[in-house]
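> Model the placement of chain B on the given structure of chain A, informed by the hints.
Now for the letters of each chain:
Number of protein chains: 2
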Amino acid sequence: MALKALRDRILSDGQCLEGGILKVDSFLNHQIDPYLMEQIGAEFVRRFADIKVNKIVTIEASGIVPAFMVGYLMKLPVVFAKKKIPSTIDNFYQARVYSFTKQTECPIVLNKEYLNPDDHVLFIDDFLACGYASKGIIELCRQSGATVEGMGFVIEKEFQHGRQFIRKMGIQRIESLAIIESLDNGDIKIKED
Amino acid sequence: MALKALRDRILSDGQCLEGGILKVDSFLNHQIDPYLMEQIGAEFVRRFADIKVNKIVTIEASGIVPAFMVGYLMKLPVVFAKKKIPSTIDNFYQARVYSFTKQTECPIVLNKEYLNPDDHVLFIDDFLACGYASKGIIELCRQSGATVEGMGFVIEKEFQHGRQFIRKMGIQRIESLAIIESLDNGDIKIKED
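Each protein sequence line maps, in turn, to chains A and B.
Adding 143 to a residue's 1-based position in the first sequence gives its number in the working numbering.
Adding 143 to a residue's 1-based position in the second sequence gives its number in the working numbering.
Hints in this document: simulated from the structure, not taken from any laboratory.
One should not assume that every hint holds.
Just so you know, same-sequence chains aren't split out, so a pair can sit in one copy or run between any two.
[Unchecked claim] Derived pair list, reagent style DSBU-like, types lysine-lysine, alpha-carbon separation capped at 30 Å: (1) Lys-255 x Lys-195; (2) Lys-226 x Lys-245; (3) Lys-255 x Lys-332; (4) Lys-278 x Lys-245.
It should be emphasised that the depicted structure is a prediction, and the values quoted were computed from it without experimental measurement.
The following block holds chain A by itself, in its conformation from the complex (with noise of 0.2 Å):
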């Protein structure tokens, strides 16, 4: 069932663009309304409530605004994967996401000090397409000992299967907030169920 709030904005100012992809960049990932995203924030909490996490993980830059609301709703540290290696640290995790719109691989990096054994995570996310920003996420995570406990997205597009390459990974707990089934022929369609 998608949180209401997000599929009635999804449908009045989401825009669907040539290559599968949908641009909500009115409220979600360029302009941010902050009403939107506390109900977005609470229904993660809300969805997860049967889990025990004790930080919020994610990746720069969209990531950043819905896993800092969940982080400060839940009273937990927020850590976001960076898509550059700093030069203020030299001890990281590292792992390769492969970017449609650059056609080829970025690494991505987190500080060793802030993922560790002891860690349970919950990743959040604005989009999951075909999955292959979380599949970086679980290896940081894999690499660092922590155990992904459930993984969290705004908006999910069914049809880039993404869903299906994260459980094969191992991670069952997956929501999101709103499913697209299809954006085809121009057409918003969001699952119903």
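What follows is chain B alone, placed relative to chain A:
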């Protein structure tokens, strides 16, 4: 006067690195402490209570959380300038920001739909160093006709003179929650007036 919780945290967890770098990635720009961030947001709200703004603006990625916290508390939309030109935006304001790390200029962009002449902007960022990122944002705002009413920084490195640089661009309302006087000899000296 520095925000006490921030000052204490910088002194306990901050690290001085070569080249005038203050590493605060354990609580501000890699791992984020939501308690401290709430205090940071509340302090910005208090300090900027005298000016009227309708939009918070920042630059990805490290500025996003403090800017969002302020937008959340003030119930205002938050817009973050992007460091890459997204394929989904074809109509944007653009400026160039000099980056010390890369020793080159990088573009920052902002969708024209999200800044306009009616906007009164509060810019929030994690660091004020030389002020080059701030300059880029002032330029984007001026292209759009929006007014920059104030600029707020979590940490200002006074010895890099960004404040004078921004003042010369005509911005008078600048607030920094902790002002670092020097990092000489690995000693973090915070202004105490």
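> Each hint needs a verdict: does it hold in this structure or not?
Results for each hint:
When the C-alpha separation of Lys-255 and Lys-195 is checked against a cutoff of 30 Å, the pair qualifies only within one copy, where the shortest distance is 22 Å, while the shortest distance between copies is 42 Å. Taking the shortest alpha-carbon separations for Lys-226 and Lys-245, both the intra-copy value of 13 Å and the inter-copy value of 15 Å come in at or below 30 Å. In this homomeric assembly, Lys-255 and Lys-332 come within 30 Å of each other (Cα to Cα) only across copies, at 28 Å, whereas the closest approach inside a single copy is 41 Å. With identical chains, the CA atoms of Lys-278 and Lys-245 are at most 30 Å apart both within one copy (18 Å) and between copies (29 Å).
Of the numbered hints listed earlier, not one is contradicted by the structure.
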